[in-house]
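Number of protein chains: 2
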Amino acid sequence: MFKLISRDNNARVGVLTTAHGEIQTPCFMPVGTQATVKTLSTQDLLDANIQIVLCNAYHLYLRPGVEIIKQAGGLHKFMNWNKPILTDSGGYQIFSLADLMKVKEEGVSFQSHLDGAKHFLSPEDVIKLQADFGSDIIMPLDECIPYPSEKDRARQAMELTVRWAKRSKDAFKAHSPELTAHGYLLFGIVQGSTYPDLRVECAKRLIEIDFDGYALGGISVGEPTDLMYEIIEKTIEHLPQDKPRYLMGVGTPLDMVEAVSRGVDMFDCVVPTRNGRNGTAFTWKGKLNIRGASFAKDFAPIDENCQCFTCQNHTRAYIRHLFNTDEILGLRLVSLHNLFFYSEFMVKLRKSVAQAKTGEFEKAISEYYE
Amino acid sequence: MFKLISRDNNARVGVLTTAHGEIQTPCFMPVGTQATVKTLSTQDLLDANIQIVLCNAYHLYLRPGVEIIKQAGGLHKFMNWNKPILTDSGGYQIFSLADLMKVKEEGVSFQSHLDGAKHFLSPEDVIKLQADFGSDIIMPLDECIPYPSEKDRARQAMELTVRWAKRSKDAFKAHSPELTAHGYLLFGIVQGSTYPDLRVECAKRLIEIDFDGYALGGISVGEPTDLMYEIIEKTIEHLPQDKPRYLMGVGTPLDMVEAVSRGVDMFDCVVPTRNGRNGTAFTWKGKLNIRGASFAKDFAPIDENCQCFTCQNHTRAYIRHLFNTDEILGLRLVSLHNLFFYSEFMVKLRKSVAQAKTGEFEKAISEYYE
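Going down the list, the sequences are from chains A and B.
Under this note's numbering, the residues of the first sequence are numbered 220 to 589, in order.
Under this note's numbering, the residues of the second sequence are numbered 220 to 589, in order.
Hints were generated in silico from the structure; no laboratory data involved.
Predicted model, so just to flag it, every value in this text is computed and none were measured.
Every residue gets a Cβ at the ideal spot worked out from N, C-alpha and C, and that includes glycine.
Check the hints yourself; a few may be wrong.
Sample of chain B residues lacking proximity to chain A, with all beta carbon distances greater than 10 Å (derived) [to be verified]:
{"#": "1", "residue": "Met220"}
{"#": "2", "residue": "His239"}
{"#": "3", "residue": "Pro283"}
{"#": "4", "residue": "Gly292"}
{"#": "5", "residue": "Met298"}
{"#": "6", "residue": "Asp334"}
{"#": "7", "residue": "Arg551"}
Derived SDA-like pairs (lysine to any residue); straight-line CA-CA distance at most 25 Å [claimed, not checked]:
{"#": "8", "chain 1": "A", "residue 1": "Lys453", "chain 2": "A", "residue 2": "Phe518"}
{"#": "9", "chain 1": "A", "residue 1": "Lys302", "chain 2": "B", "residue 2": "Ala519"}
{"#": "10", "chain 1": "A", "residue 1": "Lys385", "chain 2": "A", "residue 2": "Ala400"}
{"#": "11", "chain 1": "A", "residue 1": "Lys516", "chain 2": "B", "residue 2": "Lys257"}
{"#": "12", "chain 1": "A", "residue 1": "Lys516", "chain 2": "B", "residue 2": "Ala350"}
{"#": "13", "chain 1": "A", "residue 1": "Lys257", "chain 2": "B", "residue 2": "Phe518"}
{"#": "14", "chain 1": "A", "residue 1": "Lys289", "chain 2": "B", "residue 2": "Lys289"}
{"#": "15", "chain 1": "A", "residue 1": "Lys296", "chain 2": "B", "residue 2": "Lys296"}
{"#": "16", "chain 1": "B", "residue 1": "Lys296", "chain 2": "A", "residue 2": "Asp263"}
{"#": "17", "chain 1": "A", "residue 1": "Lys516", "chain 2": "B", "residue 2": "Lys296"}
{"#": "18", "chain 1": "A", "residue 1": "Lys582", "chain 2": "A", "residue 2": "Gln243"}
{"#": "19", "chain 1": "A", "residue 1": "Lys302", "chain 2": "B", "residue 2": "Phe518"}
{"#": "20", "chain 1": "A", "residue 1": "Lys296", "chain 2": "B", "residue 2": "Asn543"}
{"#": "21", "chain 1": "B", "residue 1": "Lys289", "chain 2": "A", "residue 2": "Asp545"}
{"#": "22", "chain 1": "A", "residue 1": "Lys257", "chain 2": "B", "residue 2": "Ala519"}
{"#": "23", "chain 1": "B", "residue 1": "Lys257", "chain 2": "A", "residue 2": "Gly498"}
{"#": "24", "chain 1": "A", "residue 1": "Lys296", "chain 2": "B", "residue 2": "Gly498"}
{"#": "25", "chain 1": "A", "residue 1": "Lys388", "chain 2": "A", "residue 2": "Gly335"}
{"#": "26", "chain 1": "B", "residue 1": "Lys302", "chain 2": "A", "residue 2": "Asn532"}
{"#": "27", "chain 1": "A", "residue 1": "Lys257", "chain 2": "B", "residue 2": "Asp266"}
{"#": "28", "chain 1": "A", "residue 1": "Lys302", "chain 2": "B", "residue 2": "Asp517"}
{"#": "29", "chain 1": "A", "residue 1": "Lys257", "chain 2": "B", "residue 2": "Gly498"}
{"#": "30", "chain 1": "B", "residue 1": "Lys516", "chain 2": "A", "residue 2": "Asp344"}
{"#": "31", "chain 1": "B", "residue 1": "Lys289", "chain 2": "A", "residue 2": "Glu523"}
{"#": "32", "chain 1": "B", "residue 1": "Lys289", "chain 2": "A", "residue 2": "Lys321"}
{"#": "33", "chain 1": "B", "residue 1": "Lys302", "chain 2": "A", "residue 2": "Lys337"}
{"#": "34", "chain 1": "A", "residue 1": "Lys337", "chain 2": "B", "residue 2": "Asn543"}
{"#": "35", "chain 1": "A", "residue 1": "Lys321", "chain 2": "A", "residue 2": "Gly335"}
{"#": "36", "chain 1": "B", "residue 1": "Lys516", "chain 2": "A", "residue 2": "Gln243"}
{"#": "37", "chain 1": "B", "residue 1": "Lys302", "chain 2": "A", "residue 2": "Gln531"}
{"#": "38", "chain 1": "A", "residue 1": "Lys222", "chain 2": "A", "residue 2": "Gly284"}
{"#": "39", "chain 1": "A", "residue 1": "Lys296", "chain 2": "B", "residue 2": "Ala350"}
{"#": "40", "chain 1": "A", "residue 1": "Lys296", "chain 2": "B", "residue 2": "Asp263"}
Model the full assembly from the supplied sequences, consistent with the hints where possible.
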């Protein structure tokens, strides 16, 4: 269930209720592909005020496999995380990582990128998989095509995505009332590449099927920023106000505030954690790479005003030393800081929307981020 | 200052007072070579009940260098660890890691193993270095020779070690009263390879110089276990009761209990952390390697009775999955468990000694460890 709290033009503040609790939106979901957000414990995630984690059905299907996760009592128990989990269907990974991938009407056959073993997954399989995981938010299998793609190809993939979405909804309903009664949610994924008319058509057809939320897939895959914003705008115009909108794979601070001002509610991205492992820290005055020689004798924290564990306990000079000597603790300290920053960012963004000051927040962010 | 609390034959329980607080002995010091115990934060070390950390003067001299640590306000502030620190002089590392190493009476010249830069360190330099770090326990530069070594070579190295020890003590005193008045301690290092008479002679000559504690160096470097125990016994016989004895680079659970029963009070070793990063966990029923296929569906903690963060929060199946997927969190979880186990091990060992049951504890450990 999604409850809209306030609006500032197209920007929204809301609360999404899931089987494992409420999520304040707009929200950011860190990526825990393999049932772990890289370098961090679930206690670290709580310390960073993370509300919901994204895991990947394709990766977890291959390792450790659904049987082990089921026997553990579900994904939450397996990874010891009691707040909401969204699982990506793995469509994107199958299309980008797997070998000898073959799309048929029935589903997709592929070889594991790990050991070459042959697999076949139908849209129904992918729903069952995530239901077995106990994911709070389930994503259906979709066909992901590269950017750029010809319009004919994009239409073909969109049409298949819609047919698979219908089958996914039916499979999800077949699990009812166990799933829906307990607040488990199924989102639809809008595809259509860079063609606004295909996006709009896809959105309308998904709305007819009726999902608990709508994701925008295949965005931020290399297209120009203006085109990305245009697709978001034109698609969201046709999405219902009473359902959350999730922009997959985005983003940077500026992309997120721009998307929120266009009506997006949810994000996931590897940016804060991948950057963290690379020594790049996010601050309210832009990014800084802690490996820089200028930090060698800098005994201030990454961000003077930050209340995160890293900034409360360690200096730039020490963290630089950890990166300089290839010590794993460094990766963790900057990843933790970045997730804390992303949570703070979302708190301030929600406050800005509630106070009808989204534009001012956007302006402040664009001073330091591009 | 070292206070003996109780004895069980040669085994001792005591309290060593340092500038940063008391240490209950026998104690284990995890290795934080580069001002970080690999994969762990200093908060993790507190959670694992660690009393004192060992850092390495040679490594810290090269990176980040003494100036940065001084400017940070000392090593404790640099790494955010407020309990005692012992720094190894780096003698062992200079003799094993550095290139083009040349020993002269004056000191040792070498090239950095990192960038080939030329360096020279005298025994006085090494004391000043550690004094600048603010180390609670300072170790003098010694000449470390390989095992096996001819007796002539061993005598030569022992003699030089003694002459350097005298110069180190003088350098340490030159810093007084700043250092000694604040509880900073200087240990002597007994060398002499596998020759008991050389060890005894070295011990006696170091005692004449008078140190705050006595370390046994160049042990556990490949010699047979019986010979190791013999050297420990014959050396310790000549060491004063009112000073702590530190067996460098040891050890495994069994080696530690055997050494304690021979009068050793302090240990450092990479075993718990290196094994942790390799997936090997210590338990009261021996070691287990969490990567084993038998743990794939094992939803018990590493050790059912363990109160550590890892065992309170995560299953064997999950930790195995982390190792299986090369996720960094796995290294940390097992390292943390192992240090907690080592702390518990020392608590039980101290209790056994206090209750005059060291032999029983030794027997219990030898059932599961060799």
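Verification of the supplied hints:
| no. | hint | result |
| --- | --- | --- |
| 1 | Met220 | holds, 30 Å |
| 2 | His239 | holds, 17 Å |
| 3 | Pro283 | violated, 5 Å |
| 4 | Gly292 | violated, 8 Å |
| 5 | Met298 | violated, 6 Å |
| 6 | Asp334 | holds, 12 Å |
| 7 | Arg551 | violated, 8 Å |
| 8 | A/Lys453 x A/Phe518 | violated, 48 Å |
| 9 | A/Lys302 x B/Ala519 | holds, 22 Å |
| 10 | A/Lys385 x A/Ala400 | holds, 20 Å |
| 11 | A/Lys516 x B/Lys257 | holds, 22 Å |
| 12 | A/Lys516 x B/Ala350 | holds, 20 Å |
| 13 | A/Lys257 x B/Phe518 | holds, 22 Å |
| 14 | A/Lys289 x B/Lys289 | violated, 53 Å |
| 15 | A/Lys296 x B/Lys296 | violated, 38 Å |
| 16 | B/Lys296 x A/Asp263 | holds, 23 Å |
| 17 | A/Lys516 x B/Lys296 | holds, 13 Å |
| 18 | A/Lys582 x A/Gln243 | holds, 23 Å |
| 19 | A/Lys302 x B/Phe518 | holds, 20 Å |
| 20 | A/Lys296 x B/Asn543 | holds, 18 Å |
| 21 | B/Lys289 x A/Asp545 | holds, 22 Å |
| 22 | A/Lys257 x B/Ala519 | holds, 23 Å |
| 23 | B/Lys257 x A/Gly498 | holds, 17 Å |
| 24 | A/Lys296 x B/Gly498 | holds, 21 Å |
| 25 | A/Lys388 x A/Gly335 | violated, 30 Å |
| 26 | B/Lys302 x A/Asn532 | holds, 15 Å |
| 27 | A/Lys257 x B/Asp266 | holds, 21 Å |
| 28 | A/Lys302 x B/Asp517 | holds, 23 Å |
| 29 | A/Lys257 x B/Gly498 | holds, 17 Å |
| 30 | B/Lys516 x A/Asp344 | holds, 22 Å |
| 31 | B/Lys289 x A/Glu523 | holds, 22 Å |
| 32 | B/Lys289 x A/Lys321 | violated, 62 Å |
| 33 | B/Lys302 x A/Lys337 | violated, 55 Å |
| 34 | A/Lys337 x B/Asn543 | holds, 20 Å |
| 35 | A/Lys321 x A/Gly335 | holds, 14 Å |
| 36 | B/Lys516 x A/Gln243 | violated, 35 Å |
| 37 | B/Lys302 x A/Gln531 | holds, 18 Å |
| 38 | A/Lys222 x A/Gly284 | violated, 35 Å |
| 39 | A/Lys296 x B/Ala350 | violated, 49 Å |
| 40 | A/Lys296 x B/Asp263 | holds, 23 Å |
Of the numbered hints given earlier, the model fails hints 3, 4, 5, 7, 8, 14, 15, 25, 32, 33, 36, 38, 39; all others are met.
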